[in-house]
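Each chain is listed here by its residues.
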Amino acid sequence: MSSTIRIKLSRLAELLEVKLEGDGECEISGLGTLADAVPGQLSFLSNPAYAGQLAATRASAVIIDEKSCDACPTNKLISARPYATFARASEIFHAEEMPAPGIHPSAIVHSGVNLDATVSVGPNCVIEAGARIGANSIIGPGCIVGEACQLGDSCDLRRAVVLYPRVVLGRNVRIDANSVIGADGFGYAFDGEKSRKIHHGGSVRIGDDVEIGAGTTIDRGVLDDTIISNGVKIDNQVQIGHNCVIGEHTVICGCTAIAGSVVIGRYCIMGGASGAVGHITIADRVEVSAMSLVSRSVTEAGRYSSGTGHMKTSRWKRVITRFQELDDMANRLKGLEKLVKKD
Amino acid sequence: MSSTIRIKLSRLAELLEVKLEGDGECEISGLGTLADAVPGQLSFLSNPAYAGQLAATRASAVIIDEKSCDACPTNKLISARPYATFARASEIFHAEEMPAPGIHPSAIVHSGVNLDATVSVGPNCVIEAGARIGANSIIGPGCIVGEACQLGDSCDLRRAVVLYPRVVLGRNVRIDANSVIGADGFGYAFDGEKSRKIHHGGSVRIGDDVEIGAGTTIDRGVLDDTIISNGVKIDNQVQIGHNCVIGEHTVICGCTAIAGSVVIGRYCIMGGASGAVGHITIADRVEVSAMSLVSRSVTEAGRYSSGTGHMKTSRWKRVITRFQELDDMANRLKGLEKLVKKD
Amino acid sequence: MSSTIRIKLSRLAELLEVKLEGDGECEISGLGTLADAVPGQLSFLSNPAYAGQLAATRASAVIIDEKSCDACPTNKLISARPYATFARASEIFHAEEMPAPGIHPSAIVHSGVNLDATVSVGPNCVIEAGARIGANSIIGPGCIVGEACQLGDSCDLRRAVVLYPRVVLGRNVRIDANSVIGADGFGYAFDGEKSRKIHHGGSVRIGDDVEIGAGTTIDRGVLDDTIISNGVKIDNQVQIGHNCVIGEHTVICGCTAIAGSVVIGRYCIMGGASGAVGHITIADRVEVSAMSLVSRSVTEAGRYSSGTGHMKTSRWKRVITRFQELDDMANRLKGLEKLVKKD
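Chains as they are written, first to last, in the numbering used here: chain A, 856 to 1198; chain B, 856 to 1198; chain C, 856 to 1198.
Simulated from the structure, these hints should not be mistaken for laboratory data. Heads up, the beta-carbon is just placed ideally off N, CA and C, and yes, glycines get one too. Keep in mind that a hint or two might mislead.
[Stated by the list, open to error] Where chain C lies over chain B, by a calculated footprint (3+ residues, C-beta under 8 Å): (1) 944 to 952; (2) 1034 to 1041; (3) 1072 to 1086; (4) 1101 to 1115; (5) 1152 to 1166; (6) 1179 to 1190.
[Stated by the list, open to error] Ranges of calculated distance between the beta carbons of each label pair, as one might list FRET restraints: (7) A/P956 to B/G967: 40 to 46 Å; (8) A/S1152 to C/A990: 56 to 62 Å; (9) B/R861 to A/E952: 22 to 28 Å; (10) C/G967 to A/D925: 47 to 53 Å.
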């Protein structure tokens, strides 16, 4: 982090709303991992897997919870949620320069566009007719904002994002490069000979404080809109089909594939490369493990998995043969039970 | 759907080639779901899961099949295939404005390009030398059409599509944003120390009436071309490896991964996030379930699945332990059978 | 391959460092598969599945190994590794024209950029402030090179590649269209109510001779960099999370999803659509099968798989029911064993 910010530890403790134990005069100029931090840097311990690195850390201070405190050889910022406190610290030391407001001369801005004066439009952007973009929003290089799109304040389309016409973003929505919001969903009606396209009259509505990674695609709805609620976080290369409704504060990890018309509740976590088949409902606070497929509705909160776990391929091949005979095995077991119990 | 089209139901029945039951004078100005349609809108019932919404619908008419007719409280358009009829209706009420022919001044068009006078080339496009584009085709904003590409009539590259050199598209091919057609396939020969690149001299040939979603990648062939046949529909974020041949009217759902040199038959359906390993052949009319992997050739039409179905993670962990012991269990069962039957 | 190169077979044998058996005066002007080659073309036999095509080939010569030689009806280039030899031949006959050095007038090049005079920058590129690009590098149409990125010599960003700020590429790095290197990773700390963003101060460092396909995303690190080592080959639509370290010469096939902080060894092969959960380590020379998930660290070289193999859906449904009862079955088997052995 090429920051030149320097902050006293006592002031940091105030900003982060945590208790300081140690030298408040110590100056912090950046962040580092336990293993790699140099003096002057602040580190953190959240995942217990890294506790062994505490003793040898050269960090000048560590964000840590109460119960791990004794093992920490340096200044401590004591937090009930060290990772959340680290997130706030990462914001303080984050020194990315924001582009100045204004429209780059190479950008193509169509007629009837309504841009707040504080908006920044980067090189080679295309802003189509009737688009509205709120205060302090940044449209990074190479973005395409479709006809009549509406973006709230403080949105940040990082680079080369494509919004199809009539997509609506709330406030403080951040989207990373090459994501595509609002393409037609995969809707065809087979007429006996060929697949006939369903034209999509709906759109995509995205709430406030939503973040979307790179290379993600969210399709517009057929008649109603696809809805991404407030606070949802979506990673890279996620696919969300037409007419899905994703509940508030749900987190969707990378490469997840969600078919059309899936309703996902609030505070869910879809693990990496997980999936959900179409037309199902997933309750609030459901967690789905990595590469697991949700193949019918889930009505109860909790953790769900599918798959087999990995093993040596040589052994796996034998197991798979048995797996495919499982119905036969079960019947034989039943038969044997009858036989033995009759005896 | 912001359409201003108004059509009498009697006329709609003619256009859609279906039987009308009810008031032919009723005017329809748009489409809506059974649950959300307002008076003046046409709805449809195809998926039986939504039949319960029929009684309370406010739609002015419903596309419905003969056997569900009695439960419909309003005007009916009776169709043997309600969803296919709805697809045709979605086309009628689809009011997207097409861009006018002509080349946007910001587009870069190289020398020796052959564009029909009716072609529209959007802002910031790059059309490389020797490309040919047929009548009524639309090259949306930010597309790159590589050297010597050939596009038939009525193609529609929606936005930011990349065609590598020499890619051939038939008539009426639609490709959504950020798809990449014709990059080199993943071909390396390991020489004992490192992976040596196979240069790809083939290309990609795409037939007529093909639709390709957003963020999809189709690689060019090594020596021969990768082939996507007429009528194929491909969803978002699909990967198709070099030298694949996809048969006519096959449908490939989102996030599917097809390795190199796979031959897929006609009228197949690859479910969402499904996969196929390389160098296999899949017969006509094969359906593969969501997130299932086809790991050897399939010679017989029908439905195929892999995977385990999801369950509570706590229970799944126990089951997985047993799964990994399955070969041992099978042997023990066999031993027991011998023992019992000897008795 | 539209090459106009013509080379005598004797000269080809020299260039490819293999033994010639047959007519050294025979002229070769291109490459073809065994099935489709025409006279004048060179073919190869590597995958035994294609050996049956040898007898009828019209190729003028075939790259082949010693033991398959007798079955070859034409001139032979005898190689211990026919596929690696074919890779070298594909390079010789590869006739793609390289763009001339220079900056296309439509490219936006910010101040303080350091471009070697031999660099080619294509139309509609954006090169941000402070970027450095080495000799003979090609920045294809529509690429965005972020602030302070550093590219070594002979890099090739094919088309529409996005590099976020401060990404570092070694020499001879090739990246295909729409890949995104260096977006922020998926890091959020849940504070009890909402997910709080972790700002990413690290970057991505990519070594020499790395190739990355189309639509791939590699996230920048939180504090340290994400590292892709020399000689790594990455296919299309791969996702690599923040702070991963990918060892030298490892090969990652298409659609693979690698979560954050995964350390993968040297000479590994991640099969297509495979995955790895976060914070694990995978040893050198590990091969993971297609669509298999590595769910804990792997400490030993070898091949690993997960999944079930595909079968007819009708049979699969019965098997899956049994699978989900597997713990119960195992217990019943155990009970039966006790009962029988007691007898």
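Now for the hints, and whether the structure bears them out:
no. : hint                          : verdict
1   : 944 to 952                    : violated (count 0)
2   : 1034 to 1041                  : holds (count 4)
3   : 1072 to 1086                  : holds (count 5)
4   : 1101 to 1115                  : holds (count 3)
5   : 1152 to 1166                  : holds (count 10)
6   : 1179 to 1190                  : holds (count 5)
7   : A/P956 to B/G967: 40 to 46 Å  : 42 Å, holds
8   : A/S1152 to C/A990: 56 to 62 Å : 59 Å, holds
9   : B/R861 to A/E952: 22 to 28 Å  : 53 Å, violated
10  : C/G967 to A/D925: 47 to 53 Å  : 50 Å, holds
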